[in-house]
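Asks: Residue-level listing of the chains:
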Amino acid sequence: DAKTTQPPSMDCAEGRAANLPCNHSTISGNEYVYWYRQIHSQGPQYIIHGLKNNETNEMASLIITEDRKSSTLILPHATLRDTAVYYCIVGYSGGGADGLTFGKGTHLIIQP
Amino acid sequence: SAVISQKPSRDICQRGTSLTIQCQVDSQVTMMFWYRQQPGQSLTLIATANQGSEATYESGFVIDKFPISRPNLTFSTLTVSNMSPEDSSIYLCSVGSLYTGIKNTEAFFGQGTRLTVV
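Chain order of the listed sequences is A and B.
If you count the first sequence from 1, position 93 lands on 93 in the numbering used here, and the numbers rise without skipping.
If you count the second sequence from 1, position 26 lands on 1026 in the numbering used here, and the numbers rise without skipping.
Derived from the structure by calculation, the hints contain no laboratory data.
Certain hints may be false.
To be verified - To give a feel for the contact side, a few chain B residues facing chain A, derived at Cβ under 10 angstroms:
1) Ile1046
2) Ala1047
3) Arg1070
4) Ile1090
5) Leu1115
Said to hold, decoys possible - Residues of chain B clear of chain A, computed beta-carbon distances all greater than 12 angstroms:
6) Ile1012
7) Met1031
8) Glu1054
9) Lys1065
As the list claims (entries may be wrong) - Once the Cα atoms are required to be at most 30 angstroms apart in a straight line, the calculated BS3-like pairs of lysine-lysine come out as:
10) A:Lys69 to A:Lys104
11) A:Lys104 to B:Lys1065
12) A:Lys69 to B:Lys1007
All C-beta atoms, glycine included, are put in the ideal place defined by N, C-alpha and C.
Kindly produce the complete structure, drawing on both the sequences and the hints.
Replies: Here is the structure:
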C-alpha cells in the first residue's frame, strides 16, 4: 500500500503557483520523497525528489517539513500543460532501482 | 535520460488469446519494470524483469499469466496470456538505474500499451 495521502483533486489558475500537499507520516529516516506526474495518455514523468532539505529544479520546488511527515510540491507558474495527476511517493529509491508504489495521486487542473 | 519505445501502442484482442508487448530502450539499463494501469486507476507494479533470470513478480501477479522475458540490457517483453475483459488496461514499461552503478535514481516510463479485450 502507498505510504502517502494526497487530496484527490485541486484547481489552480493559470500563471499562479500550484501548491500540492502530501502527507507521509510513517516515512522512515532513509526514505526519500519523490514526485512524479502523469499527463493524460502518457507515462509518468519524474519531477523532483528530496530527503530532508528543500529542493528546486527547473520544473518545481519541493518543501519538506522539518519532521519529514509532510511535503509540498510547488509549480511556481502553472500553465495549462501542467494539468496532470501528480503522485507523491516515498521510498529508498525513486523507481530506478526498485519498483514504485503509486497512490491515487492528486488530479491538478489548471484553469485558464 | 532514457528513450523507451513500446510496441504496440494499442491493440484490441479477443478473449482467450495472448498479446506480447515489447519494450526497447535506447541505452543499457540495469533495471526494467512492468506496470499495469487499470481504467481510472493508478499504476500497479507487475514485476521486475531480470536480465538472464526469471522475473520477480509482485503479489497478485503470476508468471503463467504474465510471462516476461529480458534477453539483454535494452529489451524486454511482457505477454498477457489467455486474456479476459478484466485484462483491459494500459501496460507500461519502466526503466531505471542507467548502467552507471548508481542505485538511487528516478524511473523513466514508456508511453504505454493500451489493451482492450473483447
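Asks: Take the hints in turn and mark each one as holding or not.
Replies: Verification of the supplied hints:
{"no.": "1", "hint": "Ile1046", "verdict": "holds (9 angstroms)"}
{"no.": "2", "hint": "Ala1047", "verdict": "holds (8 angstroms)"}
{"no.": "3", "hint": "Arg1070", "verdict": "violated (14 angstroms)"}
{"no.": "4", "hint": "Ile1090", "verdict": "holds (9 angstroms)"}
{"no.": "5", "hint": "Leu1115", "verdict": "violated (14 angstroms)"}
{"no.": "6", "hint": "Ile1012", "verdict": "holds (17 angstroms)"}
{"no.": "7", "hint": "Met1031", "verdict": "violated (6 angstroms)"}
{"no.": "8", "hint": "Glu1054", "verdict": "holds (16 angstroms)"}
{"no.": "9", "hint": "Lys1065", "verdict": "holds (18 angstroms)"}
{"no.": "10", "hint": "A:Lys69 to A:Lys104", "verdict": "holds (18 angstroms)"}
{"no.": "11", "hint": "A:Lys104 to B:Lys1065", "verdict": "holds (25 angstroms)"}
{"no.": "12", "hint": "A:Lys69 to B:Lys1007", "verdict": "violated (40 angstroms)"}
This entry does not satisfy hints 3, 5, 7 and 12, going by the numbered hints stated previously.
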